[in-house]
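**Student:** Protein chains in written order, with my numbering: chain G, 1 to 146; chain R, 1 to 146; chain L, 1 to 77; chain U, 1 to 77.
Source of the hints: derived by calculation from the structure; they are not laboratory data. Beta carbons are placed, not taken as given, at the ideal position from N, Cα and C, and that holds for glycine. Careful: at least some of the hints might be erroneous.
Claimed, not checked - Facing chain L, a subset of chain R residues (Cβ under 7 Å, in silico):
| no. | residue |
| --- | --- |
| 1 | Tyr-52 |
| 2 | Pro-54 |
| 3 | Lys-58 |
| 4 | Ile-112 |
| 5 | Arg-114 |
| 6 | Ile-115 |
| 7 | Lys-116 |
| 8 | Ile-126 |
| 9 | Ile-134 |
| 10 | Gly-135 |
To be verified - Calculated from the model, a selection of chain G residues having no Cβ within reach of chain R, i.e. all distances over 10 Å:
| no. | residue |
| --- | --- |
| 11 | Glu-5 |
| 12 | Glu-9 |
| 13 | Phe-31 |
| 14 | Val-53 |
| 15 | Lys-58 |
| 16 | Lys-70 |
| 17 | Trp-71 |
| 18 | Ser-75 |
| 19 | Gly-83 |
| 20 | Leu-85 |
| 21 | Pro-99 |
| 22 | Ile-126 |
| 23 | Asp-129 |
Claimed, not checked - Label-pair restraints from in silico Cβ distances:
| no. | chain 1 | residue 1 | chain 2 | residue 2 | range |
| --- | --- | --- | --- | --- | --- |
| 24 | U | Arg-48 | R | Lys-40 | 40 to 48 Å |
| 25 | L | Ser-64 | G | Glu-113 | 23 to 31 Å |
| 26 | L | Ser-64 | G | Lys-40 | 56 to 64 Å |
| 27 | L | Val-21 | R | Lys-70 | 54 to 62 Å |
| 28 | R | Ile-12 | L | Lys-18 | 29 to 37 Å |
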Amino acid sequence: MKAFEVVTEPIIPQLYADYVLRPEAGAVTLFTGHVREWTKGVRTLYLAYEAYVPMAEKKLAEIGREIEDKWEGTSVAIAHRIGELQISDIAVVIAVSSPHRKTAYEANEYAIERIKEIVPIWKKEIWEDGEEWIGDQKKKPKEEIV
Amino acid sequence: MKAFEVVTEPIIPQLYADYVLRPEAGAVTLFTGHVREWTKGVRTLYLAYEAYVPMAEKKLAEIGREIEDKWEGTSVAIAHRIGELQISDIAVVIAVSSPHRKTAYEANEYAIERIKEIVPIWKKEIWEDGEEWIGDQKKKPKEEIV
Amino acid sequence: MIELHYFAGIRVLTGIPKESVNFSNQTVEDLWKWADEKYPGIRNSSARIAVNEEYALPSDVIESGDVVAFIPPVSGG
Amino acid sequence: MIELHYFAGIRVLTGIPKESVNFSNQTVEDLWKWADEKYPGIRNSSARIAVNEEYALPSDVIESGDVVAFIPPVSGG
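This is chain G alone, in the form it adopts within the complex (with noise of 0.2 Å):
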């Protein structure tokens, strides 16, 4: 495995928090993004991801780089899955370590923040009437399909 990695096999998270910890950490946070069945009122029946892979791997780079001088100390790893993706798979993995747990909880949703926006990832859901690229605004599921 690298630190930072687009992947099409299924996540391992533990891999990812047995990477950052060391001896000074007091405090790992993983955060995983699971397929979610329903989006505000409809139901998934599976999602794709599609990456620009060179691309994403070097930017979640980024993102552990910034996150490494923002907060002193830290260590980062971030894995996101690409390819069809069943309800409850993970997509994305973040293992963020620190010597205090603050750090730990703020650095990891900083990493999910900045991948939405930045990393060329895609998804696409696949509900039961059609299938969208997600990120177009215009275009979001509505509560009135329902």
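Got chain G sorted already, so can you dock chains R, L and U onto it with the hints?
**Tutor:** Positioned in the frame of chain G, the structure of chains R, L and U alone reads:
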């Protein structure tokens, strides 16, 4: 395993993450608190944790209920290990699942804060030159010891 | 009779992890007075008292058969 | 020649995942104009352009051999 437990064996975090996962969960946060080698310039050799086990498990479950009441759709599992723990060993694990990520972070951090307030578990730090039950603020290691 | 449990720093102070004592229909406040006489300093330790695994108020009444614990400031996590 | 990559909703619009085109010493802004003529609507898609795996400014110059990607609003995580 139980959703809220005090254990003597090494903690396997994934068990607790798996326990809270459900189809409506989009996010799982897993916090692990580890034995840190250095605290305020004092080197820890190892820690010993003691608990008032039945009350501790009751209070952990109470924290879980507090969270599930406070943040809709969350599910929680918490374990704390007691006995002798070495550097980097996991002392506590908190798993929270939630439909949305913001809640998963917030609720998880709430859990560790509450554990440090109400759960009858105590830590003894063992240093090269002594040992002390932590909790009594007057006797905490001081920076000038270094 | 009630059962008394001592933990962590409090156990260091009492020298024993638990004991049974004759005590009933008195309050938590009364227990504090009794304990501070037997174990001087216990009252200044910032400990709390739990009765049957719940934190108790000074005015709560302790009955025969209750399990009481002296809970020094916790430091889990 | 430069290499153009299209992703997600943008790929649906272009109908192809990538192509090579003659383009050099022109700016990102020029590329937008070219692209919007060939693929009407691409400019209104809120996509960004990345040159050699870095987000580019409209004034950045694209050289022969560069790898250019149209990045629609990302939705990872």
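**Student:** Against each hint, give a clear statement of whether it holds in the structure.
**Tutor:** Status of each hint after checking the structure:
Taking 7 Å as the C-beta contact cut-off toward chain L, the hint placing Tyr-52 (chain R) at the interface holds, the least distance being around 6 Å. At about 6 Å, the closest approach between the beta carbon of Pro-54 (chain R) and any beta carbon in chain L falls short of 7 Å, and the interface hint on this residue holds. Given hint, Lys-58 (chain R) at the interface with chain L, holds; its Cβ is 5 Å from that chain's nearest Cβ, closer than 7 Å. The closest approach between the C-beta of Ile-112 (chain R) and any C-beta of chain L is roughly 6 Å, which is under the 7 Å cut-off, so the hint is satisfied.
Against a cut-off of 7 Å between C-beta atoms, the interface hint on Arg-114 (chain R) is violated, since the closest Cβ of chain L lies about 10 Å away. Because the smallest distance between the Cβ of Ile-115 (chain R) and any Cβ of chain L comes to about 5 Å, under 7 Å, the interface hint for this residue holds. The interface hint given for Lys-116 (chain R) holds, since its Cβ lies 5 Å from the closest Cβ of chain L, which is under the 7 Å cut-off. This hint is violated: Ile-126 (chain R) has a C-beta 14 Å from the nearest C-beta of chain L, more than the 7 Å allowed.
Taken as an interface hint, Ile-134 (chain R) checks out: its beta carbon lies about 4 Å from the nearest beta carbon of chain L, inside 7 Å. Given the 7 Å rule on beta carbons, the hint for Gly-135 (chain R) holds: about 4 Å separates it from the nearest Cβ of chain L. Separation of Glu-5 (chain G) from chain R is adequate, the least Cβ-Cβ distance of about 19 Å exceeding the 10 Å criterion. Separation of Glu-9 (chain G) from chain R is adequate, the least Cβ-Cβ distance of about 17 Å exceeding the 10 Å criterion.
Not every CB of chain R lies more than 10 Å from the CB of Phe-31 (chain G), the least distance being 5 Å, so the non-interface label is violated. Taking the minimum C-beta to C-beta distance to chain R, about 24 Å, the non-interface status of Val-53 (chain G) holds against the 10 Å cut. Every CB of chain R is more than 10 Å from the CB of Lys-58 (chain G) (nearest about 24 Å), matching its label as outside the interface. A cut-off of 10 Å between C-beta atoms confirms that Lys-70 (chain G) is not in contact with chain R; the least separation is 17 Å.
Remark: the non-interface label on Trp-71 (chain G) is consistent with the geometry, its nearest Cβ contact in chain R lying 15 Å away (cut-off 10 Å). Listed as a non-interface residue, Ser-75 (chain G) keeps its Cβ farther than 10 Å from every Cβ of chain R; the least gap is roughly 12 Å. Against the 10 Å criterion, Gly-83 (chain G) stays outside the reach of chain R, whose nearest CB is about 19 Å from its own CB. Interface exclusion of Leu-85 (chain G) from chain R stands, the closest Cβ pair being 12 Å apart, more than 10 Å.
Non-interface call for Pro-99 (chain G) relative to chain R: violated, since the shortest CB-CB distance, roughly 6 Å, does not exceed 10 Å. Every CB of chain R is more than 10 Å from the CB of Ile-126 (chain G) (nearest about 15 Å), matching its label as outside the interface. Every C-beta of chain R lies more than 10 Å from that of Asp-129 (chain G), the closest at about 19 Å, which supports listing it as non-interface. Separated by about 46 Å at the C-beta atoms, Arg-48 (chain U) and Lys-40 (chain R) satisfy the suggested range of 40 to 48 Å.
Distance hint check: the CB atoms of Ser-64 (chain L) and Glu-113 (chain G) are about 58 Å apart, inconsistent with the given range 23 to 31 Å. Restraint check, Ser-64 (chain L) to Lys-40 (chain G): a C-beta distance of roughly 58 Å satisfies the suggested window 56 to 64 Å. At about 40 Å, the CB distance of Val-21 (chain L) to Lys-70 (chain R) disagrees with the hint of 54 to 62 Å. At roughly 32 Å, the beta-carbon separation of Ile-12 (chain R) and Lys-18 (chain L) lies within the given 29 to 37 Å, and the hint holds.
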